[in-house]
Structure formats: structure tokens, C-alpha cells
Amino acid sequence: MSVDSSTVKRVAHLARIKVTDEEAEALRGELNAILGFVEQLNEVDVTGVEPMTSVTAMRLKARSDEVTDGGKAAAILTNAPVSEDGYFLVPKVVE
Amino acid sequence: MTDLTCLTIAEIGEGLAVKDFSALELTDAYLAAIEGGNGALNAYVAVTPEKAREMAKASDTRITKGEAGLLEGVPLGIKDLFCTEGVHSQAGSHILDGFKPTYESTVTANLWADGAVMLGKLNMDEFAMGSSNETSHYGPVVSPWRARGSNMALVPGGSSGGSAAAVAARLCAGATATDTGGSIRQPAAFTGTVGIKPTYGRCSRWGIVAFASSLDQAGPIARTVKDAAILMKSMASIDPKDSTSADMEVPDYPAVVGQSVKGMKIGIPKEYRVEGMPEEIEALWHKGAEWYRDAGAEIVEVSLPHTKYALPAYYIVAPAEASSNLARYDGVRYGLRVDGEDIIDMYEKTRAAGFGREVKRRVMIGTYVLSAGYYDAYYLRAQKVRTLIKRDFEEVFEAGVDAILTPATPSAAFGVADEDMAADPVKMYLNDVFTVTVNMAGLPGIAVPAGLDEKGLPLGLQLIGRPFDEAGLFKAAQIIEDAAGSFAPDRWW
Chain W
1 MSVDSSTVKR
11 VAHLARIKVT
21 DEEAEALRGE
31 LNAILGFVEQ
41 LNEVDVTGVE
51 PMTSVTAMRL
61 KARSDEVTDG
71 GKAAAILTNA
81 PVSEDGYFLV
91 PKVVE
Chain V
1001 MTDLTCLTIA
1011 EIGEGLAVKD
1021 FSALELTDAY
1031 LAAIEGGNGA
1041 LNAYVAVTPE
1051 KAREMAKASD
1061 TRITKGEAGL
1071 LEGVPLGIKD
1081 LFCTEGVHSQ
1091 AGSHILDGFK
1101 PTYESTVTAN
1111 LWADGAVMLG
1121 KLNMDEFAMG
1131 SSNETSHYGP
1141 VVSPWRARGS
1151 NMALVPGGSS
1161 GGSAAAVAAR
1171 LCAGATATDT
1181 GGSIRQPAAF
1191 TGTVGIKPTY
1201 GRCSRWGIVA
1211 FASSLDQAGP
1221 IARTVKDAAI
1231 LMKSMASIDP
1241 KDSTSADMEV
1251 PDYPAVVGQS
1261 VKGMKIGIPK
1271 EYRVEGMPEE
1281 IEALWHKGAE
1291 WYRDAGAEIV
1301 EVSLPHTKYA
1311 LPAYYIVAPA
1321 EASSNLARYD
1331 GVRYGLRVDG
1341 EDIIDMYEKT
1351 RAAGFGREVK
1361 RRVMIGTYVL
1371 SAGYYDAYYL
1381 RAQKVRTLIK
1391 RDFEEVFEAG
1401 VDAILTPATP
1411 SAAFGVADED
1421 MAADPVKMYL
1431 NDVFTVTVNM
1441 AGLPGIAVPA
1451 GLDEKGLPLG
1461 LQLIGRPFDE
1471 AGLFKAAQII
1481 EDAAGSFAPD
1491 RWW
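These protein sequences, in sequence, are chains W and V. So the first sequence is numbered by the numbering used here: it starts at 1 and just counts up by one. So the second sequence is numbered by the numbering used here: it starts at 1001 and just counts up by one.
Chain W extracted, bound-state conformation:
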């Protein structure tokens, strides 16, 4: 499979990365090189093979459902580019 420029732009939008027409064209070539490379996986017979979900034989751990951490609003906001009154600030999303 290969991608065209409009697919590149659609994927860029899904990934929330702004690309110019020139960048989309360069990315098209690069992405197609990678997609061409991974094409060889089609040679492998995967009939009846389970997809891997965990690389080691372990059961996902569960702990009792209780509060173990918290009360760190100020620490969480420390690195925010813009914050006010204990909130992250974003551009207006509702009119």
C-alpha cells in the first residue's frame, strides 16, 4: 500500500501536526519508503497465530481501590505554559 499527498494531510490532521504542502510531499516519499519496507510482513503465514498482548508471562497487577496519591494541583500546574486559578488555560472551545 502507498499513500498520496491528500492521505498524508489527512493523517497529519489526525495526528494534530500542521504540515505545509512541501512537507506533505516530502513526508509522502518517506512514509512510502517505510510502508514499502514493512510490506515484507505479508510473506509471513500468521494463520492461527495469536497477536501478542503481553511480552512477558505476567498477569496485570491490580491493587485495592483506594486513594494513594493526590492533592498536588500546584505541582501539576507548575509546568503549564498558561494557567490561572488552579486551571490549565486553553483557547475558547465553546461559543
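Hints listed in this document are in silico derivations from the structure and should not be mistaken for laboratory results. What you are looking at is a predicted structure, and each value in this text was computed from that prediction instead of being measured. Don't take every hint at face value.
[Said to hold, decoys possible] Cross-link-like lysine to aspartate or glutamate pairs, in silico, EDC-like; alpha carbons within 16 Å at most:
#  : chain 1 : residue 1 : chain 2 : residue 2
1  : V       : 1262      : V       : 1482
2  : W       : 18        : V       : 1482
3  : W       : 18        : V       : 1282
4  : W       : 18        : V       : 1341
5  : V       : 1265      : V       : 1290
6  : V       : 1308      : W       : 43
7  : V       : 1051      : V       : 1020
8  : V       : 1427      : W       : 30
9  : V       : 1349      : V       : 1330
10 : W       : 92        : V       : 1085
11 : V       : 1265      : V       : 1398
12 : V       : 1287      : V       : 1482
13 : W       : 61        : V       : 1242
14 : W       : 18        : V       : 1358
15 : W       : 61        : V       : 1247
16 : V       : 1308      : W       : 25
17 : V       : 1241      : W       : 45
18 : V       : 1270      : V       : 1282
19 : V       : 1349      : W       : 21
20 : V       : 1241      : W       : 66
21 : W       : 18        : V       : 1028
22 : W       : 72        : V       : 1301
23 : V       : 1287      : V       : 1275
24 : V       : 1384      : W       : 25
25 : V       : 1308      : W       : 39
26 : W       : 9         : V       : 1339
27 : W       : 18        : W       : 43
28 : V       : 1384      : W       : 95
29 : W       : 92        : V       : 1341
[Stated by the list, open to error] So the derived label-pair ranges between C-beta atoms look like this:
#  : chain 1 : residue 1 : chain 2 : residue 2 : range
30 : W       : 2         : V       : 1086      : 32 to 40 Å
31 : W       : 5         : V       : 1249      : 48 to 56 Å
32 : W       : 40        : V       : 1454      : 45 to 53 Å
33 : V       : 1424      : W       : 63        : 56 to 64 Å
34 : V       : 1247      : W       : 21        : 16 to 24 Å
35 : W       : 29        : V       : 1100      : 52 to 60 Å
36 : W       : 21        : V       : 1373      : 23 to 31 Å
37 : V       : 1067      : W       : 86        : 40 to 48 Å
38 : W       : 73        : V       : 1270      : 54 to 62 Å
39 : V       : 1153      : W       : 29        : 43 to 51 Å
40 : W       : 40        : V       : 1333      : 36 to 44 Å
The beta-carbon is built from N, C-alpha and C at its ideal position, and this holds for glycine as well.
Dock chain V against chain W, hints included.
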């Protein structure tokens, strides 16, 4: 007095105990080495001299009180991927500009609890995506190694290029690193250092900036096998904050270094002979097998039939996981923000300005292979192939093989700004052809320096072990070190 930066971690412990020097003197020697060398090598992106001296003084106090820890007073460099409280932690990316975590990663917290001293943060490929350390926002790291009679700048490998270069150039006694597809072992091989990626789950991933969560593991880069074993013992732990952290006690790795390998079965996989691999590497591989035979191990030919599919499967699985992990960089919670007309425009402009080319490429590949209609053809198929890759290894280990010996990389270090590599992303990816299988199967792998090529550049061999048999790898790796010796670059910086 001898140059303190030449001491191994094991020797530092002995020297501090008998008061040959103080932890502060040792730290000052390293800070001076960084001051003198970092301009040329660009291995550190942030140096923390005040913190280092403060930690060293505290070490001296503990030594006087007889309370020295496993790594007391040992000056370490930390890959910029590890969150360190109040200190530069930007994963080599522009998008994390100014990020200073309010918490400490579990791995680094373990090191400090054992008395280690932090010298600063080490350069790396952006978000650990790269094999040459050239994708860093802070510019490439230059290897302390040069080909004989040449002044050409070489790459230290990547993504842990700063870690490998700093250890090789003696700008730290040891370093933390991470490995998603070869990012510890390939730079270790390029710089004549020892690097181990432990079994998935051995080191906590808590507080390490995530790239591909089912593949990422932390591990050390050091100058000797023994030093790597000491660091590994401290870094590994059982951590309730990482649900994939293994509930297994950490063995005494340094204690096994030097033990006999008599009766060990070492497998040689025929699929690791790749087209275009230099004869020198093939010869070194044979030599490695000879060393094991001489040490009383048994050499057996083994087959890992799905080896060639590990790299293409990786370039689906890793970007897919990365596209999801990197969704958090949105200009809202931390780092860079570029204003836009609305919130979507702000996201898109922030990520366009904040991510470098390689990161964009991988996030887009990941987004594409996970997008509607392509999931089964790409991601699901890759995860099935991954099951087959792991099964190959399981069959070899079930047949009684204790460790698998392979070359670490298909070539020695290449030049900074190599045109072939720049022109074709896949060519760069092929650097990891021997290391990536190990991540796909979650196994431990260690790269050990085994010799120099005809140009005088380091080459490494890799040992792959059974799950959680890091101890077996350290034991086996020492055989290579004993036979090949250690390698240090001539100082030009």
C-alpha cells in the same frame, strides 16, 4: 595522584573506603572533565555542578559514618529521558522546552538511594527515536572515537548517544540509558562500552518519558561488565507504580561476574548473517565463539527463522505506540505552546514546531497504521509476527541453550551527517537489525566490546539471554571482556 576519572565503579568503591580520595574530589574531577570536553562532544545537555557537589558531600558524610551504599559517591550521567526532580528533563525535544519535573523517576531514585551522584543530563535522539543521536533538538553528540588517522566526526550511535559518549570519554563513571529497539546496545557497541537492556519489567518505567511502552526498558552503560552489573543491581527494582514491573527479587549481579561458564550452552543463530555485513564482524563473531569454547562452554548452531521480520514488525508496533504516547504533547500541560486561531490550530502549530522530522515521521506512521481500515493489515499482523519472533526464542531456550551470541551491529560507527543515512530512513533503521528482536521478545541483551576494526573503531558482540537471566548474561559477558580487553579512545577533545 592518578586521574580519578580513569577508575572503574568497582575501583571507586575501594578507593573511597580506604580514603584514597573523597567523593567530592572525585566529583570535581568529573566536573572538570565535562568542562573541558563537553564543548567538543556535546554529550551533556545540562550539567548540574551544584547538585553534584552537594550529593558528593553527603556521600562523604555517609562514608565517614560507615553508611556507604552500593554506589556511594559514584558520579553518573543521566539520559535526558529520565525525569529528575527540578532538573532539565526534555527527552532531546523542543516540545518539552523548560520542562522540570516535580517528581523523580524510580530508576534514578534507586540510584540516589544507593549513594550515586548526579553530574547532569545526557543528550539523546529526540524521544529516543534514532540510531545516531542526530535527531536531538540539542544537536548531534560527537563520538570520542575517530578512525585512525582521520579527523572526521563520527556518531556515537543512538538513541543513548550522550550516555555512551560520556562513559567512553570519561565524562561520567557510568550512565543510565534506555532501549526500545537497540538504543543501549548499538551506542555501546559504537563506543567500546558495555550496555545491557534487561528483561521487560526488570526496571520500572515510572518517570521515564514513554516512547513505545511494550518495548521500552532502562539499563546502564558502563566501562566494564562488572560496573554494568553494579549499576543494574541498583536500577532494577519491584515498583508498585509500574504495573508491568516484575515481582521478582533483584539478584546480586556483581557476585556472578567472574564465575565459570563451563557447561553453558551458547547458541549461534544462522539468521544473523546478513548481506553486506563486513567480514571483520563475521570474523569477530567466530572469535567470540572460540573464546566460549576455550572457557568450557558448548557452542551450538541455532535457528531463529523469523529474525528478518523483527525490524519491519517493530516499525509498525513502535510508531503505533509512540503516536499514542506522544499525543500528550499538546501545548496545554507542559513545554512548548504556539498560539493558534482555535484549540485545534494551537495543537497543530505546537506539534509542528515542537517535534523534529523523525518524530513527526514516526507519529504519522503510527497514526496511519492504527487508522480505520488499516489496523488489521498492519498492527494486528505485526503483533502476530511478534508472537512468532518470541516463539523462535522460546524454542531455542527450551532446547537447552543458555545464551545466544550475535554481532551487536552490522557495522562500526558511521560519520555525522552521513548522506546515505540521511537520504533513506530505512537505511538508518537497519542499524538495529540485530538488537530489535530482543525488544520484540522482551528478553535481556548485553553488548560487550570485542575488538577494533581495521580503522581502529570499536565493534561489539551481543549476548541474548533467557527472560530474567541478566545474571547469566553478566557471567557470560565477562568471558568476552577477559579475552578482548577494554577499549578507550585516544583523547583529542
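Compare the structure with the hints numbered earlier in the document and write down the numbers of the violated ones, lowest to highest.
2, 3, 7, 10, 16, 17, 21, 22, 23, 24, 26, 27, 28, 30, 32, 33, 34, 35, 39
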